[in-house]
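First to last, the sequence lines map onto chains A and B. For the first sequence, this note's numbering assigns the number 1 to the initial residue and increments by one for each residue that follows. For the second sequence, this note's numbering assigns the number 1 to the initial residue and increments by one for each residue that follows.
Don't take every hint at face value.
Ranges of calculated distance between the beta carbons of each label pair, as one might list FRET restraints [what the hints assert, rightly or not]: (1) W112(A) / P241(B): 40 to 48 Å; (2) A135(A) / V85(B): 27 to 35 Å; (3) I187(B) / A14(A): 20 to 28 Å; (4) A80(A) / E189(B): 50 to 58 Å; (5) G138(A) / P241(B): 53 to 61 Å; (6) P192(A) / E189(B): 51 to 59 Å.
Rough simulated footprint, nothing fancy, chain B against chain A, three-plus residues with beta-carbon under 8 Å [claimed, not checked]: (7) 149 to 155; (8) 263 to 275.
Hints in this document: simulated from the structure, not taken from any laboratory. No residue lacks a Cβ here, since even glycine has one placed at the ideal position from N, Cα and C.
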Amino acid sequence: MNAANARRFNAAGAAITAITVICAMIWAFPIYWGIVSSLKPDDEVVRSYIELWPDTLTFEHYIFALTQTQIGYWYVNSIATAIGVTVLTVGTSVFAGYAISQLRFPLRRPLWWLILASFMVPTQVLIINHFVLMANMGLLNTWAGIILPQLIHPVVIIVYKQFFDQVPHDFREAAIMDNASEWRILFKVYIPMNWGVTTALSIVTFIWAWNAFLWPFLAVTKTDMMTITVGITQTNDSFGVYYASELAAAVLAGLPVALAYLLFQRRVTEAITLSAGIKG
Amino acid sequence: MIRNPGKEALVAYLLIAPFVAVYALIFIYPTVQMFLLSFTDAGLIGGGDFVGLDNYERLPRDRRFDTAFWNTAYFVLLTVIPGTVVALGISLGVTRLSGRLQALVLALFFLPYILPVSVVYRLWDWTLNFQFGIAMHLFDFFGMDRVPIFKVTAWFMPAVAFVTVWWTCGFSVLLFLAGLRAIPREIYEAASLDNATRWTTFRKVTWPLLWPVTSLVLTIQLIVQLKIFDQVYLFSTGGRPNDNLVMVYYIFQRAFQSDQGGRAAAVAVVLFIMVIIVSVLNFQLMRLSGGRNR
Numbered sequence: 001m002n003a004a005n006a007r008r009f010n011a012a013g014a015a016i017t018a019i020t021v022i023c024a025m026i027w028a029f030p031i032y033w034g035i036v037s038s039l040k041p042d043d044e045v046v047r048s049y050i051e052l053w054p055d056t057l058t059f060e061h062y063i064f065a066l067t068q069t070q071i072g073y074w075y076v077n078s079i080a081t082a083i084g085v086t087v088l089t090v091g092t093s094v095f096a097g098y099a100i101s102q103l104r105f106p107l108r109r110p111l112w113w114l115i116l117a118s119f120m121v122p123t124q125v126l127i128i129n130h131f132v133l134m135a136n137m138g139l140l141n142t143w144a145g146i147i148l149p150q151l152i153h154p155v156v157i158i159v160y161k162q163f164f165d166q167v168p169h170d171f172r173e174a175a176i177m178d179n180a181s182e183w184r185i186l187f188k189v190y191i192p193m194n195w196g197v198t199t200a201l202s203i204v205t206f207i208w209a210w211n212a213f214l215w216p217f218l219a220v221t222k223t224d225m226m227t228i229t230v231g232i233t234q235t236n237d238s239f240g241v242y243y244a245s246e247l248a249a250a251v252l253a254g255l256p257v258a259l260a261y262l263l264f265q266r267r268v269t270e271a272i273t274l275s276a277g278i279k280g
Numbered sequence: 001m002i003r004n005p006g007k008e009a010l011v012a013y014l015l016i017a018p019f020v021a022v023y024a025l026i027f028i029y030p031t032v033q034m035f036l037l038s039f040t041d042a043g044l045i046g047g048g049d050f051v052g053l054d055n056y057e058r059l060p061r062d063r064r065f066d067t068a069f070w071n072t073a074y075f076v077l078l079t080v081i082p083g084t085v086v087a088l089g090i091s092l093g094v095t096r097l098s099g100r101l102q103a104l105v106l107a108l109f110f111l112p113y114i115l116p117v118s119v120v121y122r123l124w125d126w127t128l129n130f131q132f133g134i135a136m137h138l139f140d141f142f143g144m145d146r147v148p149i150f151k152v153t154a155w156f157m158p159a160v161a162f163v164t165v166w167w168t169c170g171f172s173v174l175l176f177l178a179g180l181r182a183i184p185r186e187i188y189e190a191a192s193l194d195n196a197t198r199w200t201t202f203r204k205v206t207w208p209l210l211w212p213v214t215s216l217v218l219t220i221q222l223i224v225q226l227k228i229f230d231q232v233y234l235f236s237t238g239g240r241p242n243d244n245l246v247m248v249y250y251i252f253q254r255a256f257q258s259d260q261g262g263r264a265a266a267v268a269v270v271l272f273i274m275v276i277i278v279s280v281l282n283f284q285l286m287r288l289s290g291g292r293n294r
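Full structure from sequences and hints, please.
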């Protein structure tokens with residue numbers, strides 16, 4: 001490439017970089033705008049011209065959302081059910097993934113096919129029968145009722161199996177020579193060697209559970225049992241037409257997952273890429 | 001190495017027992033029940049009589065089913081290819097950057113995907129608000145009349161599709177970035193030695209090498225968007241839900257609002273079969289093109 005060519009290339013490159021950065025800012029603007037609007041007093045929120053920063057910064061809408069709605073309950077419900085879904089999904093999957101990857105037993109193939117098949121089944125079509133089942137078990141409006149139907153995450157097992165398959169066989173043979181039990185091999189060798197995957201899968205499972213809408217929306221009718229994702233959409237009357245208060249509640253609902261992502265950015269992106277079947 | 005098959009199987013059964021118990025209860029049993037329910041005239045709770053294929057025979061004449069089916073197809077059309085193109089564009093921009101700038105720009109593009117749907121709904125309901133929404137200034141700027149977007153049927157699906165692309169694009173971006181990273185640098189160096197333009201390089205190198213990822217993104221999007229409910233439901237509140245029905249919304253409406261579990265289950269079975277067909281086709285295509293992991 002000659003010098004003139006290179007200069008033209010770099011100018012174009014700089015332009016593309018600038019466009020990318022500007023697009024990213026426009027892309028995230030609605031989030032910024034929602035946050036800024038929630039920090040304005042009511043009369044400023046509905047002004048007919050655009051103000052990118054509040055004249056008077058106020059937290060009144062946050063105080064309103066925290067004291068005049070049941071957001072405290074919703075937080076507790078969301079935290080409890082999201083942790084429940086995460087622990088149960090990752091727990092059952094790590095065991096099943098290990099058994100399928102390392103042990104030989106008669107039903108191994110059919111089980112693996114069942115898992116791959118369930119990957120294809122849309123859980124949304126099961127809402128009617130999940131509802132009937134949970135109603136019959138008396139679990140509507142309970143944490144268990146919110147958690148149970150959310151435990152279908154075959155991808156977690158699939159990822160675990162892939163990672164366990166890659167652990168060199170020498171480790172296992174050495175452990176068996178030492179008369180270690182399968183439990184010891186799992187807990188002392190396989191799980192510790194894959195802490196990274198476990199962290200990544202746990203964080204995304206937590207985010208999925210926190211963000212779940214359809215099932216928690218159906219499973220709960222009492223306001224104080226709602227998760228926050230459902231709660232902030234179901235109590236329009238308690239907000240009236242106060243847009244800023246609705247936005248403040250929305251910011252509070254999105255904050256935990258946004259923070260989880262920003263703190264564990266690399267893990268989250270790794271797990272999401274893995275969940276699609278691509279090794280990052 | 002000595003194996004003790006009996007003991008090994010026993011340990012295996014203990015390890016898979018919790019998983020199998022959960023799956024039997026909340027996956028296999030409800031799936032079987034869904035099929036059985038679709039042949040009855042049951043309400044949501046409590047049994048009903050066997051009515052054969054009645055619930056299915058009704059569907060072709062059911063206007064709401066018709067709306068739901070075609071709206072779902074329309075929604076798929078509005079999201080799958082546009083969403084993939086936008087994601088590809090974003091990832092081509094992001095992959096050129098490096099270090100902190102790349103992390104920051106990627107975070108800005110990816111953040112929406114992390115948010116709960118109800119937060120996305122609040123943000124866009126506010127941004128596109130008829131009276132006070134900041135986006136309405138764009139309408140004014142172009143001299144267009146303001147529109148109450150989510151209350152007008154013609155605007156509804158495109159607007160929800162737009163919000164959906166904004167919300168879910170980050171996922172596809174990650175897959176594209178992983179795909180771009182897997183293309184060896186030497187190929188680009190060779191291309192630049194040949195004085196290839198950016199466009200030629202993209203067309204002759206990036207696009208063909210990225211195709212496995214592109215087809216993966218397209219099929220994942222297709223399957224996800226067939227199952228759309230949350231956004232359509234939320235943006236329909238206070239609007240015209242019957243015009244905006246999609247498949248899952250119709251299942252919800254029949255089962256939970258009209259108390260017709262049997263008829264709802266028939267719709268669920270149709271959607272179930274649609275998704276399975278797409279998934280199987282996808283799986284076969286993947287196999288033909290050499291598998292997901294290349």
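Checked hints:
Take W112(A) and P241(B): their Cβ atoms lie about 41 Å apart, and the range 40 to 48 Å holds. Range check, A135(A) to V85(B): Cβ separation about 44 Å, and the 27 to 35 Å hint is violated. A hinted range of 20 to 28 Å for the beta carbons of I187(B) and A14(A) is consistent with their spacing of about 24 Å. One distance hint, 50 to 58 Å for the beta-carbon pair A80(A) and E189(B), holds here, with the actual separation near 54 Å.
As the Cβ distance of G138(A) to P241(B) is approximately 31 Å, the hint placing it in 53 to 61 Å is violated. One distance hint, 51 to 59 Å for the beta-carbon pair P192(A) and E189(B), is violated here, with the actual separation near 41 Å. Proximity of the segment 149 to 155 of chain A to chain B, defined as three or more residues with a beta carbon under 8 Å from a beta carbon of that chain, is established by the 3 residues found. Check result for the segment 263 to 275 of chain A against chain B: holds, 5 residues qualifying (beta carbon to beta carbon below 8 Å, three or more required).
Violated hints for the displayed structure, listed by number in ascending order: 2, 5, 6.
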